[in-house]
Every structure is written in C-alpha cells, then in structure tokens.
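Student: Sequence:
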Amino acid sequence: MGLLYKEDPSCLDEYLASHWRYVELNPDSALVPKILFAAGEIAFEAEKFAEARSAFIKLSEEFGQNPLCADATERVARSYFRENNFVEAEEWARRAKKKKPSEETLDRALKLISFSIFKQAEEAEARGDLDAAARHFFRMVDEFPEGEAAQIALYRAAEDLRKLGKEEKAAAVYKRLADEYKTSRFAQSALSLSSEILSSLGDWGGVADNYENLYRLNSETPDAANFLYRTALAREKAGQLDKAIALFEEFSVKFPADNRKAEAFYKQGTFFDKLGDPKKADAKYAAAFAAPAEGDGALYRAKGSLALGERELAVFRGIELKGNLEKALNEKEISLDTALGHLLGAASLPFAETLAEALYRSGEAFEQMKTALLESEKPAGMSPEEEEEYQLLLEDKAFPLEEKALEFYKKGVISAHGSGLWNDWIAKIYGRLEAMVPWAFQRVEESARVEIPLPVPVADWGAN
0 MGLLYKEDPS
10 CLDEYLASHW
20 RYVELNPDSA
30 LVPKILFAAG
40 EIAFEAEKFA
50 EARSAFIKLS
60 EEFGQNPLCA
70 DATERVARSY
80 FRENNFVEAE
90 EWARRAKKKK
100 PSEETLDRAL
110 KLISFSIFKQ
120 AEEAEARGDL
130 DAAARHFFRM
140 VDEFPEGEAA
150 QIALYRAAED
160 LRKLGKEEKA
170 AAVYKRLADE
180 YKTSRFAQSA
190 LSLSSEILSS
200 LGDWGGVADN
210 YENLYRLNSE
220 TPDAANFLYR
230 TALAREKAGQ
240 LDKAIALFEE
250 FSVKFPADNR
260 KAEAFYKQGT
270 FFDKLGDPKK
280 ADAKYAAAFA
290 APAEGDGALY
300 RAKGSLALGE
310 RELAVFRGIE
320 LKGNLEKALN
330 EKEISLDTAL
340 GHLLGAASLP
350 FAETLAEALY
360 RSGEAFEQMK
370 TALLESEKPA
380 GMSPEEEEEY
390 QLLLEDKAFP
400 LEEKALEFYK
410 KGVISAHGSG
420 LWNDWIAKIY
430 GRLEAMVPWA
440 FQRVEESARV
450 EIPLPVPVAD
460 WGAN
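Per numbering that gives the first Met the number 0, numbering through the sequence shown is continuous, rising by one, with the last residue being 463.
Hint data in this document are derived by calculation from the structure and do not stem from the laboratory. Model, not experiment: these values are computed from the prediction. A hint or two may mislead.
Derived DSS-like pairs: lysine-lysine, alpha-carbon spacing no greater than 25 Å straight-line [to be verified]:
hint : residue 1 : residue 2
1    : 110       : 47
2    : 33        : 96
3    : 97        : 118
Using the sequences plus the hints, can you model the full thing?
Tutor: Below is the structure:
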C-alpha cells in the first residue's frame, strides 16, 4: 500500500485507513506505536492536521512510555501551530517538553513555545487588547531572554504600553531593553524613546542615565558628542551640578573642535557660581570667551565675557573713595578698565542680548564712577576756598565720565534704530537717556537680531 501511495498520492485516504485497520486488528502488537506515528506523519505531510493529531494523541495517551511519545506530542503542537491555534500549540509543546524528549525534539518544542507566545501577543494586538499583548510579550522575554526575538518582544511591549498611555512603564521597558541587550540594534532607539518619555514626565535624572548609556554604547561614533552633551544638559536639569561639570569637562576634552565648546565652558562657570566657587567659575568664563566657537555657538563666548565683566563690576562698585584717595581712585580706575575690557569683548560679538547688555553696563559703570567721585571723602583740614576749588577739580574729572556714559548709551540707540533691535537692555538704555537728555531720544520698540557688531567706545576715559 505504501508503494502504491508513492506512485499515486490520490490513494492517501486508503493508505491511512490501512494503518488504522492494523491498529484496530492488532491492538496488542508492539508495532502499534510505530504504525500510529507513521499514520500521523503521513497525514501531517498531507496537511491533514486533524487526522494527524488523532494518531499522535492516541500514541501519546495510550503509550506514554514509548520513545516516540515525546515526538508525537511535539507533532501535535506543531499541527496546532500550522492551523494558527497558538494557545493549543503552546500547551502541547509544553507537554512535549515534560516527556523527556531528545535534544532535537526539545529544541523544536522550545521554539514552538516561544513562537506561540509571540503569535498570541500579535493576535492580541490585532484585536486591540494591548494589555494582553504586552503580557504575552513579557512572558516570552522572561522565559526566552536570549536572542533577537526577546528584544523585539520588549520593544513591542513598550510600544503597546505607550498606546495605553502608560508612559512611565513604557520608559522603564525601553530602558530594560537597552540595559539587558546593550549590543542590540534596538538599544539606541529604545533609550532615545525612553528619554523622550522621561523628559515629558520631568524625570531628568532618568533622561541623563539614558543618554549616558547611549554615549557609552556609541563613544566612537559620530553621535557620541551629541549623546554626551545631552547627558550633561540632563544632569543640569536634574540639579546634579557636580556631575554636569564633569560631563562638560569630558566633552570639551574629547571633542575640542565641537562648536558647543564655548557653551560647555560657560555652563560650567554658572555651575561653579551656584556651588560657591567664583574662582573656578571665572576660569571657565575666560575659557568660554577664548573658545573658537562660530555662529550661534559664539553667543556663549559673549556670555562668558559678560560674566567676567559683571564680576569685575562688583569689585569696582565695592571700592570706596575714602582714606588714601589717590590709592583708592587708582584701584577703582584699574577695576573699571578691567571690567570694560570684558564688556567690550562681549560687545564685539553680534548678539542682541549681549551687545545691548554690554553697552548698558558700560554706560552705567561710567555713571557710577562719576557719582563715586562726586561723593568721595573730602580731605580734612581744607579752608572753604580750598574745598570749593577741590569740588571744581572733582567736577572737571567727573563730568567727562557722563559723556562717556552717553557714548555707550547712544551706541545702544543706534543699534536699535539700525536693526530694529528691542529688548530689556535697550529699554534700560532709553530709560537712562530719557533721564539724562530727555529731549533727544525717541523709542523704537521692535525685535530683531544684530548681525554686525557696531563700534563701541574704547576704554580711554582716563585721558580726560
């Protein structure tokens, strides 16, 4: 009959029937398990899965100790899988696993379990039951953590959780994927997605952890600089200033040509200020101004120079003109010159916010110098005539300082009219001009960016 079937497959039903007749007529024969297995294999190959299962299940249930039992049970699982009945496929594959199968059969059973779980997850997604889908994906990962299928399952589970609005749980799953499968092709996108979610939740420490992992995973790739920089920014937002300082330092050393180097130095300076270390802060501000940044990156060069100017202005304002007036005046003049050097450095760069502030602070400093001179301590023991003469000398030295202040303020007005620039610092400049020469200036309240820095007065006030 077997030879006939090979010659003419159309006699399949008769061929299978012959196997069942043998089993019926010879129930106690030692050949029955082999006959049942053969019948099952023939039906399986012909894709008659229900008939194949009848033979395999009979073998499995009635001849449980037979060496073919495990293979027969695995075939039942495979037949259900072929019919897309993944719940039954998983169940029968687990039964096969318990029947002490050969290594080859065990491997097939484990693959069937894994594939069946994954397929159940996909079916749940298709019918919109995302909770169930995520549970199936997690089952698969927990039981079969090796290989790319587990990575895909975790990624899909996270996506399902996001669709359910469970953002925090999704972020944790993305991070788990990257932590457990560092070399996975999904690790980078998983960490990026986790960071996106955590940033929306305000978990900047978590965002920093993710970007630091991305950097460590890609430290020699073109993306490394971006990942490291984002790590430092996230540490800043998390309030972890010591870590942010260290990361920006690593950034400036490892990527010396990056256009964000000036920003990195400037931020380090602000962090040191917050941590109460002005000396280290000033060193970083100076490094920011000296950094070879171009375009928008040069804004932080200007900010660094401004910060140094503000620091020196605080020193300048703290010097009182009393006691040894000549010595005090010399110290105050030197401090003003130093501050102006920093402010003019900032004004030399074409950025509205820093140009206007530098001009205003320069003008304000000259006004403060004028006031300090006029209010300085008078030498003791002068006659009324000497005191009057001394006051005239002070005024001769003080009032040219007002002209210097006006020069800086006028530059601010020129920049406002020439470019449409308007910001808080220009408003302050107009405020001073309206107080000093109220008939001469009319406001222009528009917004724009200064593209070309205007010339500013040099620090030569002492020549007068």
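Student: Would you check the hint for residue 110 and residue 47, treating anything up to 25 Å between C-alpha atoms as holding?
Tutor: holds (22 Å)
Student: Under the criterion that the straight-line Cα-Cα distance not exceed 25 Å, is the pair residue 97, residue 118 satisfied?
Tutor: holds (22 Å)
Student: Is residue 33 within 25 Å of residue 96, Cα to Cα?
Tutor: With a Cα-Cα distance of about 21 Å, the restraint between residue 33 and residue 96 holds, given a limit of 25 Å.
Hint compliance for this structure: every hint is met.
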